[in-house]
Amino acid sequence: MLFRSTNANPQLADLLWGAAELIHYTNADGRLLEGILYKPANFDPKKKYPMLVYIYERLSQNLNNFVEPKPTNVISPSYYASNGYLVLEPDIVYTIGYPGESALKCVLPAVQSIVNRGFVDEKAIGIQGHSWGGYQIAYMVTRTNRFRAAAPGAPVADMISAYDGIRWGPGIPRQFQYEHTQSRIGGTIWEYPLRYIENSPIFSIDRIQTPLLMIHNDADDAVPWYQGIEYYLALRRLKKEVYMFSYNGEPHNLRRRANQKDYTVRLQQFFDYYLKGAPKPEWMENGIPFLEKQGAISADGQP
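My numbering puts the first residue of the sequence shown at 493, with every later residue one more than the last.
Calculated from the structure, these hints are not laboratory results.
Yeah, the Cβ is synthetic: ideal placement off N, Cα and C, and Gly gets one too.
It is possible that some hints are incorrect.
As the list claims (entries may be wrong) - Heads up, simulated DSS-like pairs for lysine-lysine below, C-alpha to C-alpha not over 25 Å straight-line:
| no. | residue 1 | residue 2 |
| --- | --- | --- |
| 1 | 615 | 597 |
| 2 | 772 | 731 |
| 3 | 615 | 540 |
| 4 | 597 | 538 |
| 5 | 772 | 753 |
| 6 | 731 | 753 |
| 7 | 732 | 615 |
Said to hold, decoys possible - Here are the in silico distance ranges between beta carbons for each label pair:
| no. | residue 1 | residue 2 | range |
| --- | --- | --- | --- |
| 8 | 768 | 521 | 28 to 38 Å |
| 9 | 680 | 537 | 48 to 58 Å |
| 10 | 496 | 695 | 53 to 63 Å |
Given these sequences and hints, build the entire structure.
Here's what the structure looks like:
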């Protein structure tokens, strides 16, 4: 006879947990790829659901991970699934020299493969990612209007202006990252100037029609803060719809609990407004007063 001897984390029993499914799809180059689809609790395939896409590189290896519904600077699939969203995490593979187009060739077919199953509200698809994921979103929205709303976090906007900078965390030059590691351009800026231009969202930013929510903190030790400033100011100059949060003294990822909670709430409000038809939050209409911002910092007990 089997019986339960322990009950770890009983507080989780009150949450509406969804389910994670391994999905397969073919990218635009004909390559078979995988991803994860998180479905809401009490999922009904006859209904239409809003869907969020979260991207970085390969994510399908996380299929059986426990995803804690905690506040941070990226979406929590378990939290959003418990609030009626589908969440898609597609794998992305790359062609050297064309990281932006590579993302586009993987993400759009992955989205379409889920849309074809009949339970996605096609007018309510959003996308979110941070750092490398943020860059790919910043690029993709210059090439597609597929997404009703997008939230690129800490994106590189201009690979040319970022190329000769310093990665302040480890204190090393940034060139290697663009040439042969994550950005995968394939060589120096002098060897492939056109590739650097083509992969920099700033040069195609006038094409963007998607409402954007950004986060880029002024103590970012991985992606230069001025990259977010460039992207934001270019969008404002062109009168595009964009909102930007910058938490003073915070690095690449939010560390202060009050700030994590603050951005998590605002990120959900942003997506709920565009994807669920929720009321427009006041901060999207009127901004955030300086005193309110200072209050959020002091509430965490830190300067």
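Numbers of the earlier hints that this structure fails to satisfy, in rising order: Result: hints 4, 6 break, sorted rising.
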